[in-house]
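K.L.:
In terms of this note's numbering, the sequence shown opens at residue 30 and continues consecutively.
Just to be clear, a hint being listed does not mean it is correct.
[Said to hold, decoys possible] Only pairs whose alpha carbons sit at most 30 Å apart, straight line, appear in this in silico BS3-like list of lysine-lysine:
1. Lys305 x Lys93
2. Lys416 x Lys206
3. Lys448 x Lys38
4. Lys88 x Lys203
5. Lys336 x Lys167
6. Lys475 x Lys448
7. Lys167 x Lys54
8. Lys336 x Lys448
9. Lys456 x Lys38
10. Lys346 x Lys462
11. Lys335 x Lys167
12. Lys456 x Lys416
13. Lys336 x Lys462
14. Lys48 x Lys38
15. Lys416 x Lys203
16. Lys416 x Lys331
17. Lys48 x Lys80
18. Lys191 x Lys335
19. Lys346 x Lys456
20. Lys475 x Lys462
21. Lys191 x Lys203
22. Lys80 x Lys52
23. Lys305 x Lys88
24. Lys38 x Lys462
25. Lys336 x Lys206
26. Lys331 x Lys475
27. Lys335 x Lys448
Since the hints were made in silico from the structure, they are not lab data.
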Amino acid sequence: MSELLVVGKSVINVDAFDKVTGKAKYASEEGIGIPGMLYGKMLYSPHAHAKIVSIDTSKAARMKGVRAVLTGKDTPSHRSGMMIDDRHVLCHERVRFVGDAVAVVAADTVEAAEEALERIEVEYQELPALFDPEEAMKPDCPVILHPDFPRYTRPIYGYLGKDLPGPNVHTHHKVRKGNVDQGFQEADVIIENRFQNDRIIHCQLEPFNAVCYPESDGSITLWTSGRLYMTHGPICQAFGLPPSRIRVRTSYLGGMFGIVGRPERFAVLITLKTGKPVKIVYSREECFIDGLNRLPKIIYIKDGVKKDGTIVAREMKVIVNCGGYTDHGPLTIRNGAFHASQYRLPNYKWDAYGVYTNEPVVGPLRGFGSAEALWATEQQMDIDAEKTGMDPLEFRMRNTVDEGEIDVRGQRVHSIGAKECLEKVAKWIEWNKPNRPPEGPIRYGKAIA
């Protein structure tokens, strides 16, 4: 067999030298852009839920150096989205979270654009807001955040728009194996717990940014710090443009970790309306409110366990606070079911719900939806072990699937090294030996998952 060129070797990143020497240029840097370009800034809603009564942009539009002040009426009437078409480029009639964009300004300088934002007058009529997803998903919830949801366009996926328990629920993903009710009857002990994780922001080094400019043939070139193809498609959809009309290019990336922002949409809007190049760079605060946060989930787990430590049934209910719009939410909810493949669960029931609330929009942060479920189930495994009087390592070894078995999603496990991995880790950390004694304020402990 010939020697491998890459596998098993330390390979130098092709752009490492440029990055460490400062030669690499990032689109967010000052001085990077197109001569004569405009600068864009957005006006965000201060309310979690409100009707837009009126927007007066006349004072801002008359300011020196201001080239465009755009609102929802300047954007396409149709909605678009990653999974469900539920969002306009700029809000039309209603805002659904603090930070929902209602207007965009293009000016000769950043300072002029920021000053113009202060001259825009928006009259809101505040509406009742929903922040608790468990309240929002109730069938009789008096507040409906998307009254037109039944008419929204969405792909043909079984977990979108079907078997929804309430008017604010947009996603219901199900997995079934065996009969959990029968499994619970066979169990010697029933263990139930509720887990909850908060939203987490990616906080990548480089803020969201976009540079957009028109070409002589009528097309548009868009530079983004995001993902190439996951930017191109949604932009074309949002503006109803053919793919050949927009060319998307990426610059050096100052970190991503799965996050997506929205400056590209605003940059394209400005260029389409003004015919001018434009640059938008988010502040750190804007990255927090208009970037996708990791999904906050409420996770209920009910396990039925035999005295010998065998799990005979598991039931999970996952409620995801997706915020004002869906974006990547449904896909990450579906992917959450992947977490269960490593354990032998003869009877399994999984129900995951995506719920609209008046909080910021959510999406993937590494793990793409599985990390939160793994975090909860591994805690549950420790609790199960404690309740049955077993060692956490032994409990996991007993319930881990072997090669050739069928997992909870109906897929055959062709290769798995989980048991070998657990054994090696246990050996390395001397699992069966006492913890090191305290050293001043430092305490030592061990855990395995």
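K.L.:
Need the list of violated hint numbers for this structure, in ascending order.
P.N.:
4, 5, 7, 10, 11, 17, 18, 19, 22 and 24
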